[in-house]
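Which chain is which? The protein sequence lines are S and Z, in order. Just so you know, we're using the UniProt record's numbering here: the first sequence kicks off at 1 and counts up by one. Just so you know, we're using the UniProt record's numbering here: the second sequence kicks off at 1 and counts up by one.
These are calculated hints, taken from the structure and not from any lab test. Nothing here was measured: the structure is a model prediction, and the numbers come from that model. C-beta atoms are modelled at their ideal positions from N, C-alpha and C, and glycine is treated no differently. Hints are not guaranteed to be accurate.
[To be verified] Calculated from the model, a selection of chain Z residues having no Cβ within reach of chain S, i.e. all distances over 12 Å:
id : residue
1  : Asp-44
2  : Glu-46
3  : Phe-47
4  : Leu-50
5  : Phe-53
6  : Gly-60
7  : Ala-70
8  : Phe-116
9  : Leu-150
10 : Pro-161
11 : Phe-163
12 : Arg-212
13 : Val-215
[What the hints assert, rightly or not] Partner residues are not named here, just some residues of chain S that face chain Z (Cβ under 10 Å, in silico):
id : residue
14 : Gly-192
15 : His-195
16 : Val-227
17 : Gln-285
18 : Val-286
[Said to hold, decoys possible] Restraint ranges, calculated between C-beta atoms of paired labels, are given here:
id : chain 1 : residue 1 : chain 2 : residue 2 : range
19 : Z       : Gly-149   : S       : Ile-33    : 31 to 37 Å
20 : S       : Arg-120   : Z       : Gly-107   : 47 to 53 Å
21 : Z       : Arg-162   : S       : Arg-119   : 19 to 25 Å
22 : Z       : Arg-54    : S       : Leu-273   : 48 to 54 Å
23 : Z       : Asp-245   : S       : Ala-277   : 30 to 36 Å
24 : Z       : Pro-216   : S       : Arg-67    : 54 to 60 Å
25 : Z       : Ala-156   : S       : Asn-254   : 20 to 26 Å
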Amino acid sequence: MAVLTRTHRESPPEQRSPAPPRRVPVLSHAFLIGWALLTTLPLLWAVLSSFKSDEEILTDPWSLPSRLRWENWGRAWNEAHIGRYFLNSVIVVTGALALTMLLGAMAAYVLARYRFRGRRIVYLAFVGGMMFPVFLALVPLFFVVRNLGLLGTLPGLTLVYAAYSLPFTVFFLTAFFRTLPTSVAEAAMVDGCGHYRLFFAVMLPMARPGLVSVGIFNFLFQWNQYVLPLVLMQGEGAERKWVLAQGLTALAVNEGYRGDFSGLFAGMTIAMLPVIAAYLLFHRQVQSGLAAGQLR
Amino acid sequence: MRGKRLFIATFLIPPLLLYGIFVVSPYAQAFQIAGTNWSGLSPDYEFVGLDNFRRLAGDGYFWNALRHNALMLVLLPVATILLGLFFASMISVGGRSDRVGVHGVRGAGFYRVVYFFPQVLSVAIVGVLWKEMYAPHTGMVNGILRAIGLDGLAVAWLGDPRFSFWCVMAVLVWMNVGFYVVLFSAAMQSIPRDLYEAALLDGASRLTTLVRITVPLVWDTIQVAWVYLAILAIDGFAVVQIITDGGPSSSSDVVGLRLYKTAFADGQFGYASAIGVAMFFLTLTVAAMFLRVTRRDRVEL
Chain S
1 MAVLTRTHRE
11 SPPEQRSPAP
21 PRRVPVLSHA
31 FLIGWALLTT
41 LPLLWAVLSS
51 FKSDEEILTD
61 PWSLPSRLRW
71 ENWGRAWNEA
81 HIGRYFLNSV
91 IVVTGALALT
101 MLLGAMAAYV
111 LARYRFRGRR
121 IVYLAFVGGM
131 MFPVFLALVP
141 LFFVVRNLGL
151 LGTLPGLTLV
161 YAAYSLPFTV
171 FFLTAFFRTL
181 PTSVAEAAMV
191 DGCGHYRLFF
201 AVMLPMARPG
211 LVSVGIFNFL
221 FQWNQYVLPL
231 VLMQGEGAER
241 KWVLAQGLTA
251 LAVNEGYRGD
261 FSGLFAGMTI
271 AMLPVIAAYL
281 LFHRQVQSGL
291 AAGQLR
Chain Z
1 MRGKRLFIAT
11 FLIPPLLLYG
21 IFVVSPYAQA
31 FQIAGTNWSG
41 LSPDYEFVGL
51 DNFRRLAGDG
61 YFWNALRHNA
71 LMLVLLPVAT
81 ILLGLFFASM
91 ISVGGRSDRV
101 GVHGVRGAGF
111 YRVVYFFPQV
121 LSVAIVGVLW
131 KEMYAPHTGM
141 VNGILRAIGL
151 DGLAVAWLGD
161 PRFSFWCVMA
171 VLVWMNVGFY
181 VVLFSAAMQS
191 IPRDLYEAAL
201 LDGASRLTTL
211 VRITVPLVWD
221 TIQVAWVYLA
231 ILAIDGFAVV
241 QIITDGGPSS
251 SSDVVGLRLY
261 KTAFADGQFG
271 YASAIGVAMF
281 FLTLTVAAMF
291 LRVTRRDRVE
301 L
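Pulled out of the complex, with its shape left as it was, chain S reads as follows:
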């Protein structure tokens, strides 16, 4: 455990670490750095391996690449279709996220701020969806999607992602819309603002912090989906429509057979880097948003 020292130094309360502390809590740092290494080393290893030749990978997992072999990346992008899968993922998640946020906000807004018969039942129906494991739905969902002719299609997957994101979205945003002040809404109504304009011009902009929180949560949920695409992107020609998660696992199997390890690592790195980069850009919003979303 950390060693504590109480220093008796006059310093204004707002000043941040003015001088090096007398005793640095070495042990806490050792633990913290240890875990930081544990989280980053595998990722770094994958990135480094993506530049190696297969021979370098096979002989020593520790060695550095003798030169940067971008051709591995090219192979993964073109021949292993990681580029296409990435694009599919982006299309599906973009569409699903937009749909989730729009429909979720609409339902939540009405449920939070209007009184009508059956309101409670509708709310419970939405929120109840959070209790059910996705696995329970898998078999019938496959047939529902197939009967609609949407099996193995990007629109089908988009709709399913959006539908399964609704419970949490409605739950979170209903609570959020309730906290918004009524005075603004009343003032807008007095000024002759209709229900629709009130929602799109006044309430939605006011709900921005809540929308961002739940949007980040939904993005991670949808981007990380594995079982839904696995079940729904089957059938003839479906492999052209695969999303990244599926494409990457298929790549792992194929390249394992072929012994193209560098191609696999390159594919993995291509899949990994943009998300890490986006996260590094927005990490403040991601972390505060998730914390707010989880704590309710």
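Fit chain Z to the known structure of chain S by using the hints.
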């Protein structure tokens, strides 16, 4: 008030339609399909009542998978929450303390950002990455062991029934700790610093402050974490399927994987749905149980 009614309808009907078709109807059908012997090859099936559940009760593969989920259910939350609390409290209050108060460590932001990395990578990336990490000759796990002279410990991790489950378990902990570090340290931000200062003045050790102050004050968050991790542990599908596919010889099988294979490899849709129903009741029981067990008086500040 006609406009208002119309407004409510136009705002509720589209989301309800989407939700009804893709979520409510499959859930409802699952219970019904679970009572049939539908094989999926033909549209014909018979109602067999509770036969699927009787078969489930005597299915050794199911119980084997369930046992693994049960182990995860205990170990995943315990390990993840303990590590999460440990790191979060070091980050939030583990730094030096002076007259100004108790501080987080230097670089707290850095740790929070880095720890979260596995969480933003999709589960498929995590799975493939760790499959390679565990690879007997090319993987880094054995690479490290050999580098520090422990060649004897370098084994075929995923090929050995004794280790495969634990390998998967380790990955689950690895990928989730960061999220709970962020979650817990957010909760710890709202604890007044003077509580720690008072305790430290009274001669409390760091461990005591963690157990007596931090944990009770973030208990709500721990409870939420527990439920989320329990749900994750009942699933476990993606990581298991990618890394070991349940093997070798079912040594890392989980219920979700049973369901998936029963349905989409064997085409036994009725039986698979019964597994789904079992999973549902399991989830429900576990959630209710945890909420009950972890219920405590909320500490108001």
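Hint check:
Every Cβ of chain S is farther than 12 Å from the Cβ of Z/Asp-44; the closest lies at roughly 14 Å, confirming the non-interface assignment. For Z/Glu-46, the requirement that its beta carbon stay farther than 12 Å from each beta carbon of chain S is met, with the minimum near 17 Å. Z/Phe-47, annotated as away from the interface, keeps every beta carbon of chain S farther than 12 Å; the closest lies near 16 Å. At the 12 Å boundary, the C-beta of Z/Leu-50 stays outside the reach of chain S, the nearest C-beta of that chain being 17 Å off.
Every beta carbon of chain S lies more than 12 Å from that of Z/Phe-53, the smallest distance being close to 14 Å; the non-interface claim holds. No beta-carbon of chain S comes within 12 Å of the beta-carbon of Z/Gly-60; the shortest separation is about 20 Å. Distance check on Z/Ala-70: its Cβ is at least 16 Å (rounded) from any Cβ of chain S, clearing the 12 Å threshold; non-interface status holds. At roughly 7 Å from the closest C-beta of chain S, the C-beta of Z/Phe-116 falls inside 12 Å, breaking its exclusion from the interface.
The beta carbon of Z/Leu-150 sits about 14 Å from the closest Cβ of chain S, which is more than 12 Å, so the claim that it is off the interface holds. With a closest Cβ-Cβ approach of about 20 Å to chain S, Z/Pro-161 is found to remain outside the 12 Å limit, as its non-interface label requires. Interface exclusion of Z/Phe-163 from chain S stands, the closest Cβ pair being 18 Å apart, more than 12 Å. No Cβ of chain S comes within 12 Å of the Cβ of Z/Arg-212; the nearest lies about 14 Å off, and the non-interface call holds.
Distance check on Z/Val-215: its Cβ is at least 15 Å (rounded) from any Cβ of chain S, clearing the 12 Å threshold; non-interface status holds. A cut of 10 Å between beta carbons decides the hint on S/Gly-192: the least distance to chain Z is about 12 Å, and the hint is violated. Because the beta carbon of S/His-195 sits about 4 Å from the nearest beta carbon in chain Z, less than 10 Å, this interface hint is met. Proximity of S/Val-227 to chain Z holds as hinted, the smallest CB-CB distance being about 6 Å (cut-off 10 Å).
Residue-level restraint check for S/Gln-285 is violated (minimum Cβ-Cβ distance to chain Z is 12 Å; threshold 10 Å). For S/Val-286, the interface hint holds, since its Cβ comes within 10 Å of a Cβ in chain Z; the closest pair sits about 8 Å apart. Taking the beta carbon of each, Z/Gly-149 and S/Ile-33 are about 23 Å apart, not inside 31 to 37 Å as hinted. Taking 47 to 53 Å as the suggested C-beta distance range, the pair S/Arg-120 and Z/Gly-107 conforms, at roughly 48 Å.
Checked against the hint of 19 to 25 Å, the C-beta distance between Z/Arg-162 and S/Arg-119 comes to roughly 55 Å, which is inconsistent with it. For the pair Z/Arg-54 and S/Leu-273, the beta carbons lie near 51 Å from each other, so the given range of 48 to 54 Å is met. Between Z/Asp-245 and S/Ala-277 the beta carbons are some 31 Å apart, a value that agrees with the proposed interval 30 to 36 Å. At roughly 56 Å, the beta-carbon separation of Z/Pro-216 and S/Arg-67 lies within the given 54 to 60 Å, and the hint holds.
Checked against the given bound of 20 to 26 Å, the beta carbons of Z/Ala-156 and S/Asn-254, roughly 21 Å apart, stay inside it.
Checked against the numbered hints given earlier, this structure breaks hints 8, 14, 17, 19, 21; the rest are met.
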